[in-house]
Amino acid sequence: MKNIFKTAFLVMLVLGCKEAKKEAEETKEMVEETTMSSKADEWTTLFDGESFNGWHEYLKEDVSDNWKIEDGAMVFYPPEARENGNQFNLVSHGSYTDFVLSMDWKIAQNGNSGVMWGVKEIDSLGQPYLTGPEIQVLDNEGHPDGKNGTSHQSGALYDMVSPMKDMTKPVGEWNTMVITINHKTNEGRVELNGETVVEFPVNDPEWGEMVANSKFADWEHFAKYPTGKIALQDHGDGVAYKNIKIKEL
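Residues in the sequence shown are numbered consecutively from 90, following this note's numbering.
In short, the hints are calculated from the structure, not lab data. These numbers come from a predicted model, not from an experiment. Wrong hints could be hidden among the right ones.
What the hints assert, rightly or not - Below 16 Å or equal to it, Euclidean Cα-Cα: the simulated EDC-like pairs (lysine to aspartate or glutamate) are: (1) Lys334 - Asp193; (2) Lys258 - Glu230; (3) Lys209 - Glu146; (4) Lys334 - Glu131; (5) Lys149 - Glu210; (6) Lys258 - Asp193; (7) Lys331 - Asp193; (8) Lys254 - Glu280; (9) Lys304 - Asp248; (10) Lys157 - Glu146; (11) Lys331 - Glu262; (12) Lys273 - Asp187; (13) Lys273 - Glu337; (14) Lys258 - Glu280; (15) Lys149 - Asp212; (16) Lys334 - Glu280; (17) Lys331 - Asp137; (18) Lys254 - Glu288; (19) Lys195 - Glu262; (20) Lys334 - Glu139.
Work out the full structure, taking the sequences as your base and the hints as a guide.
Encoded structure:
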């Protein structure tokens with residue numbers, strides 16, 4: 090009889106240990122899933138509204154006085170004269186591959202600017218657009234580029250994919266733009282003021298075909314770097330950016 094009780098006790102002990110182990114593994118999996126989900130939902134602020142921390146001008150170490158911080162926004166004042174064709178494009182310190190980038194922008198009347206990704210700072214290349222594809226920021230009505238085909242209008246993947254509709258607000262008002270670049274899912278997307286206006290693949294062969302059919306076909310370094318910096322373009326016109334944040338995918 091003692092042996093029976095002893096055997097039963099051992100069986101219960103083993104089963105209890107297995108159940109405890111199973112519960113521990115399930116708890117671990119839940120914690121890992123929650124952590125991954127939480128990480129996927131994390132936004133990183135790229136502009137704190139008070140300083141240029143995290144930014145510098147392309148191929149430079151700091152930010153010139155042409156960029157100022159006003160009312161929580163980065164505001165570009167183009168110089169009246171440029172020595173040796175000097176440019177003042179802003180680029181992020183950090184580099185990114187797969188991400189969602191959100192920001193607000195406001196363009197000056199008749200103005201032109203743009204947001205680029207995949208930018209590499211190469212000494213022999215004087216402009217970030219020589220490496221980074223651009224999402225256009227434009228006064229569609231006032232700037233000549235707005236009449237130069239819809240693939241040059243606000244929200245366009247510049248010279249490659251036109252916006253499905255014009256969602257820009259009147260000049261002087263803030264526009265909210267969200268750019269998604271995800272090589273894992275071969276997805277590029279631009280949302281402007283709450284609506285998707287552009288969708289495009291980001292991997293070859295489709296991406297390569299789009300580039301081959303654009304003005305960038307013979308540009309040696311254009312769109313060759315899946316991982317690169319974010320750039321805010323100096324196109325010679327006034328522009329402002331704020332609420333800039335990024336979520337890595």
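Hints and how they fare:
1. Lys334 - Asp193: holds (10 Å)
2. Lys258 - Glu230: holds (11 Å)
3. Lys209 - Glu146: Roughly 13 Å separates the two Cα atoms, so the pair holds.
4. Lys334 - Glu131: Holds, at roughly 10 Å.
5. Lys149 - Glu210: Holds, at about 10 Å.
6. Lys258 - Asp193: Since the Cα atoms of Lys258 and Asp193 sit roughly 12 Å apart, the hinted pair holds (cutoff 16 Å).
7. Lys331 - Asp193: holds (5 Å)
8. Lys254 - Glu280: The hint holds at about 11 Å.
9. Lys304 - Asp248: holds (7 Å)
10. Lys157 - Glu146: holds (13 Å)
11. Lys331 - Glu262: This hinted pair holds, its Cα atoms lying about 12 Å apart.
12. Lys273 - Asp187: holds (8 Å)
13. Lys273 - Glu337: Given that 16 Å is the threshold and the Cα spacing comes to 12 Å, the pair holds.
14. Lys258 - Glu280: holds (13 Å)
15. Lys149 - Asp212: Answer holds: Lys149 to Asp212 is near 10 Å, not above 16 Å.
16. Lys334 - Glu280: holds (15 Å)
17. Lys331 - Asp137: holds (9 Å)
18. Lys254 - Glu288: holds (12 Å)
19. Lys195 - Glu262: Satisfied, since the Cα-Cα distance of roughly 6 Å is no more than 16 Å.
20. Lys334 - Glu139: Holds - the C-alpha atoms of Glu139 and Lys334 are around 14 Å apart, at most 16 Å.
The structure fails none of the hints (numbered hints given earlier).
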